[in-house]
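Chains A and B are the protein sequences, given in the same order. Quick note, the numbering used here runs 754 ahead of the 1-based positions in the first sequence. Quick note, the numbering used here runs 361 ahead of the 1-based positions in the second sequence.
These aren't lab readings, by the way, just hints derived from the structure by calculation. Careful, some of the hints might be misleading.
Computed footprint of chain B on chain A; a stretch qualifies when at least three of its residues, placed anywhere within it, have a C-beta under 8 Å from a C-beta of chain B [as the list claims (entries may be wrong)]: (1) 778 to 786; (2) 942 to 952; (3) 1225 to 1232; (4) 1396 to 1405; (5) 1429 to 1439.
Note that the structure is a prediction, hence the values are computed from the model and not measured. Where is the CB? At the ideal position from N, CA and C, for every residue including glycine.
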Amino acid sequence: MSDYNLIGKRMPRVDSRSKVTGKVRFTADLNLPGMLVGKVKRSPYAHARIVKIDTSKAKALPGVKAVVTGEDTEGVKWGVFAYTRDQQFIQMEKVRYIGDEVAGVAAVDEETALKALDLIEVEYEELPAVFDPLEAMASKGPLIHDDFPDNINVHVNIDTGSVDENFEKSHYIREDTFVAAEESYFQAEPYAVVARFDEEDCLEVWMPNGGPHMKSKPLSNAFKIPLHKVKVKKIAIGGAFGGRSEICPVDYICALLAKRTKAPVKIQFTREENTIATRQGHSMIVTHKTGVDKEGQVLARETTCYMDGGAYSSTGPIATSVPFLSMEQAYRMGSVRYNGYRIYTNKPIRGMIRVHGRAFACGVDTQLDMIADHLSIDPVEIRLKNSRQPGEYTSTKSQVSSCAMDETILKAVEKSKFKEKWGKLPAYHGIGIGTNSVQTGFPMGIRGGSQAFIKFNEDGEATVMSGVVDNGQGNDNMLVQIAAEELGLLPEDIHLVSADTETTSSDPGSYSQVSTFVGGQAVQVAAKNCKKRLFDVAAKILKVEPDTLAAKNRMIYVKDDPEKSIPIKKVVRIALLNFTSVNAQGGYWPKVDMKREWVSNPFGQMCEAFSFGTTIIEVKVDPDTGQVEVLEATAVQDVGKALNPLVLEGQFEGSIAMGGQANLTEYHDWKDGRVLNPTMLEYKLPLACDMPPKINNIIVESVDPKGPYGAKEAGMSIAMSAAQAYAAAVSNAIGVYLDSYPLTPDKILAAIKKKQEEEAKQGAKKARVN
Amino acid sequence: MEKITITLNVNNESHEVLVAPNDTLLEVLRDQLDFTGSKESCGEGVCGSCTVHMDGKPVRACLTLALEAENIEIKTVEGLANGDELSPLQQSFIDHGAVQCGFCTPGMLMSADALLNNNRQPDEATVRKAISGNICRCTGYAKIVHAVAHAHNPHQGCCDCNHKE
Ligand code: FES
Ligand code: FES
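Only chain A is shown next, with the shape it has when bound in the complex (with noise of 0.2 Å):
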């Protein structure tokens, strides 16, 4: 069907003008008249009691405008549920983790406020501390929070029966445990956050965010002012990937700055506080036993999973699901039984991340790739023994529809030539398979839907009003492409106002692989209710009927006669003249089952589609260093529909990059609760000369019979199963499979020499029995 105007096609993004041109404004760019300097002082210590906070001389510092302690807050806790308030914005009692909140100051300029840091005399009385999740469950020590017994923060638990049955019938099972540590977001903005309260006191703020409407909540309720009162404000933003998803406590103590001083006032983090006071991802302790029969197929897992989640909730519970979701949807099970122990520790705070959960993910492929070996067959063929179909429910009994996951596999091992290379490569050349599937959003109550409205401007151009934040992927333009196609008008007819709380309706924001699912959707079903309008106007006109007539070019033409036609801007004056609005509104509310809890009820229709992608890697390993060149990437998704492929690859190229490559060298070192490499210096992100020199782009499409246009997300399951083929890629060129993620140099040349050892010792023994 190509029958469409834009969808579907190479569109460039509506926003990049203003990004080559450098005019664009993020956070930081934004210069206010009177604005003041924020800085925030935060914890040396990984754990201990607040004794004293002296403010006075920081207070009497000439230049200095404001300073604020948790004494100044209405001691309102943060927590995404209502059972994981154990946030304060401002620490009173205890800190934490290095790094935590415990004053705020204003000042004239950076200088001065820095100096007010450090004139802030805090006493501290150290607690002994815990940094691993296991120390921190058999803990004799002060918990970290009092009402969590051994430290345990969420524990989400899942059978489906019949396990031990299953394990019992199996032909073969195994057990092996894979570990992972923390990585890092690394936005390429680090944090920043503006805010200053208006002549009507209304709080005003811009920062980076998943979601405004998940900003202007916490805010509200923090200094216990109406919702309406909170203006989370539209700016752009320079990458979120799971870690803009939630309140910040610097956005609080920067609007509480702005109310004490009444004046604007800015804070921006510097690289090293983006990476320790934003989020990081978990690390992670996982261990898989999986039964199957004599052809590979899964009958009973057992999953037991510990997750570092560092020293507060944040979106816990959903992030001691999801990691086993996407495998739960990705491979059938016979049945299964999971525990996931989100644990606190005295470390920075842990969210969901682009890959998240890779010491589960690549545990699971790599697991199956053992099992396959086992069995003589191929990682392939163990795949697709065990891949989900459409039609299905997954073990926690949501309805799969659209799923062309086989034909992903398919296709990427064909243009990778999998079947010519695996087993046949030369020594220490590898390749390897993964493959994952992404959730598009979850129940989120209230704010699970998303609304959307349009109005015509007098001279045929739209406006175009929707929830839905783009934090670099291209939501923005995703928008505009399906207001332009529904109402048959160009890109630059439609002007957008997005993701502004003053203006524009509540939404799930855009951390859950939704936005264009329920968001795009809602302007979708907006702009068929105003074209609607239209043609009721301009078939009386024509004199026809409505629903012979279509929109197209910014004209209205009658389908079977598309000469008998008249200019949209004549319609909207026409409809104006005879008092008919021309504006409308629309929705869309995902149909999942709302009794779906994270840890009470883990069962139910858990969002309305899923995507599902295949990674292939191929990988030289210099078997001296223990370095990895990536030859060649395959990534194959179903995405329902590519609204557009451009904007599409792009997801699939940088997820090769922040999925796969990531594998390789990103991870977080730690002395005692601290990061030791917390800036781009010591951290290796990947550069462009690492990059494997040609990424294959495969789209696959399912066309979803609920999603706008068929589609339904773009570029995680590729994320997530890049991170799977790296490691299956490079077990495979050294012939040692691979259970520590990131898969660093010095984890390949241990792993090569103590094959070469058991190989030694092999041979010697049979030298003896010959």
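For this one, chain A is given, so just place chain B with the ligands on it according to the hints.
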């Protein structure tokens, strides 16, 4: 520290600014002259997002003192276009989908522009090398590499170059 007045020549215009000896060129460009196109991402010379040209050569403005930039032609991303007319490189970034969040884009453009000024038709390997001091977290670089390589040299078979015609 005592401040001194210097003249900075940015995008062919002179500006008198009062700077402290430790003010970086990036701070002065952004905070005093409102050239906020140049970004600070790492602040320590690693990411390249602050890249500007000094006498045609790409430099990291976060590591350059404003004082060092006196009497030198400085060009920022705001100086790339000719009025409303984008440079071929800027247009190529748009057409090839090389811009996602756009935070790295100004620095990327300045590094790439410096390359193209010496070599109008670089191959992909050359481009990768030239932009290896610029970190992009969004794109995986593939589209950026194409945008630079094809900026003055449209490739047959590249659907995003054809798009331009
Ligand atoms: S900000 Fe100058 S190199 Fe990163
Ligand atoms: S486009 Fe976002 S960092 Fe490059």
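Taking the hints in turn, this is what the structure says about them:
Interface restraint, the stretch 778 to 786 of chain A with chain B: holds (6 residues with C-beta to C-beta distance below 8 Å; minimum three). Note: the stretch 942 to 952 of chain A has 3 residues with beta-carbon separation from chain B under 8 Å; the three-residue rule is met and the coverage holds. With 4 residues carrying a beta carbon less than 8 Å from a beta carbon of chain B, the stretch 1225 to 1232 of chain A meets the three-residue requirement, and the given coverage holds. Only residues whose beta carbon comes within less than 8 Å of a beta carbon in chain B count, and the stretch 1396 to 1405 of chain A has 4; three or more means the coverage holds.
Evaluation of the coverage hint for the stretch 1429 to 1439 of chain A: fulfilled, as 4 residues show C-beta separations to chain B shorter than 8 Å, against a requirement of three.
Of the numbered hints listed earlier, not one is contradicted by the structure.
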